[in-house]
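Colleague: From first to last, the protein sequence lines are chains A and B. With this note's numbering applied, the first sequence covers 1 to 261. With this note's numbering applied, the second sequence covers 1 to 246.
Watch out, some of these pointers could steer you wrong.
Quick partial rundown of chain B residues pointing at chain A, CB under 7 Å, derived from the structure [as the list claims (entries may be wrong)]:
#, residue
1, LEU25
2, ALA51
3, ILE68
4, THR69
5, GLY73
6, TYR77
7, MET83
8, PRO86
9, PHE228
Keep in mind the hints are simulated off the structure, nothing from the lab. Computed from a predicted model, the values in this text were never measured in an experiment. Backbone N, C-alpha and C define an ideal beta-carbon position, used for all residues, glycine too.
Each chain is listed here by its residues.
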Amino acid sequence: MKEKLRSTINKVLPPLAALLLIFLAWYCICAFGSVPKYMLPSPGDVLAAFQKDWQLMLSHARVTLAETFIGLFFGILTGFLMAVIMDKISLVRKMLYPLIVISQTIPTIAIAPLLVIWLGYQMLPKIILIVLVVFFPIAISLLEGFASVDADTVNLMRTMGASDIQIFRYVKLPNSLGQFFSSLKISVSYAVVSAVVSEWIGGTEGLGCYMTRVRKSFSSDKMFAVIILISVLSLLLIWLTHIIQHACMPWDKINQKRRNQ
Amino acid sequence: MHALDIQNVSFSYDGKTNILENLNLTLHEGELICLLGVSGGGKTTLFNVIAGLNRPQTGKVLLGGEDITGQSGKISYMLQKDMLLPFRTVEDNVALPLIIKGMKKKLARQKVGGHFKAFGIDGTQKRYPAELSGGMRQRAALLRTYMFGGSVALLDEPFSALDTLTKSEMHRWYLDVMDEIKLSTIFITHDVDEAILLSDRICLLRGRPGSITDEIVITEPKPRRRDFNLTEEFLQYKKQIISKLQ
Ligand SMILES: Nc1ncnc2c1ncn2[C@@H]1O[C@H](COP(=O)(O)OP(=O)(O)O)[C@@H](O)[C@H]1O
Ligand SMILES: [Mg+2]
């Protein structure tokens, strides 16, 4: 227990110290430097901006988070279905896999205006964008997880009379959970960023719209505040994913500990 | 009634070179046969044929008289690696064959739970395989194989990966358990001592392509004396087998 506490402190303390130094530097530049306030607000200004506008920000954040969650849900769903189909039917995999990989070279920000033209200024284009962003890493990681199943384990299941569905449920799915969650953690922060970017382009609500407005009024203190808020939201979502992963994979901790010994 | 009949089985992976050719083997009810042969000789291949994972080009596999050639899901099979799923607890690994047959998880756990003591792994129910020693994992895999409930069991080198001390402890335990269960079993080893110690009959799988070339019946009654492996008879068997293997 003591051991664990010490290692946690060892891990948390250095980055925390670095962060503190950065804030200190930031503060000093603002306090003693000659940078105009509209370019670099001081930490105090940012805090004040947040205090003043937090209710407005949170109501925008609610919209952004709603888009993020709905987009994540459908992105995971389509990624999952796609992976299952590609795993099951090798012709589909051969046809689609290269296309999906190539499609990833199209920058999502470039599609966003197109989606707005097609689908308007409501939530739908934003959700579609997130689905497009999330679907790829989820599908690929699951597909790799399914394919990396040991052939002898599948044989073992066959000798026990297992059907394809049972092999999927008892072997393939749990076997790919680790890879799934690693890519979900990346997807979650992609999703938040995509929501914000698509709000820049069109819409009336959301943190992205809020950013556009404060940019137009040169309120860089509010801009800083909302950027920090977006980072914090991303971090919270990653942390939430982490918690869900531990709940879904209780064996992971134990097996990892073994491997490290 | 024969528990298992293997008739004129030939098998090749690539359709050109046979790994097994005209192989015949009969397993009697309650008998323990040991399949002995050099590594790479085709022992695992034969097991995969019997278990229905490999379909033989010619020949038949009969289980209690019924033709099961190429059908899996009929025979209890313990693969060469222990193959416990790392993401299931020990009890859920052991209960897997029952769950696959459609039994509710809770009932399946209850059912396998009654055997943990006899298999010497009581208390490991809620652990994960990675937390168990090699011997314990092997026992768990054996119990899972047994829980499948087939009338014939195939065990592929169940004790090979264990150190000498654990191995002889496992042998003693295995003889005790088997004496109770009386399951018709074929098991593979490349350890001559182990073969003599455990089996009722030893079949040598030899040649390229492989077939059963010799059979040695071990007449020593079961349950066996603790010091059987130190007796003159044991040594005679060993000499006989080694001379045939050369
Ligand atoms: N899946 C496979 N595909 C092709 N060749 C194989 C396969 N499995 C085993 N073999 C070959 O068949 C021969 C017998 O192997 P195996 O049955 O594993 O022997 P044993 O179990 O007696 O050590 C070996 O030459 C091996 O290389
Ligand atoms: Mg083998």
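Colleague: Now, for every hint given, state plainly whether the structure supports it.
Modeller: Status of each hint after checking the structure:
1. LEU25: violated, 19 Å
2. ALA51: holds, 5 Å
3. ILE68: violated, 12 Å
4. THR69: Since the shortest Cβ distance to chain A is 15 Å, the answer is violated.
5. GLY73: This interface hint holds because 3 Å falls under the 7 Å limit.
6. TYR77: holds, 4 Å
7. MET83: With a closest approach of 5 Å, the B/MET83 hint holds.
8. PRO86: Status holds, d = 6 Å.
9. PHE228: Not OK, violated: B/PHE228 not within 7 Å of chain A, min 32 Å.
When the structure is compared with the earlier hints, violations turn up for hints 1, 3, 4 and 9 and for no others.
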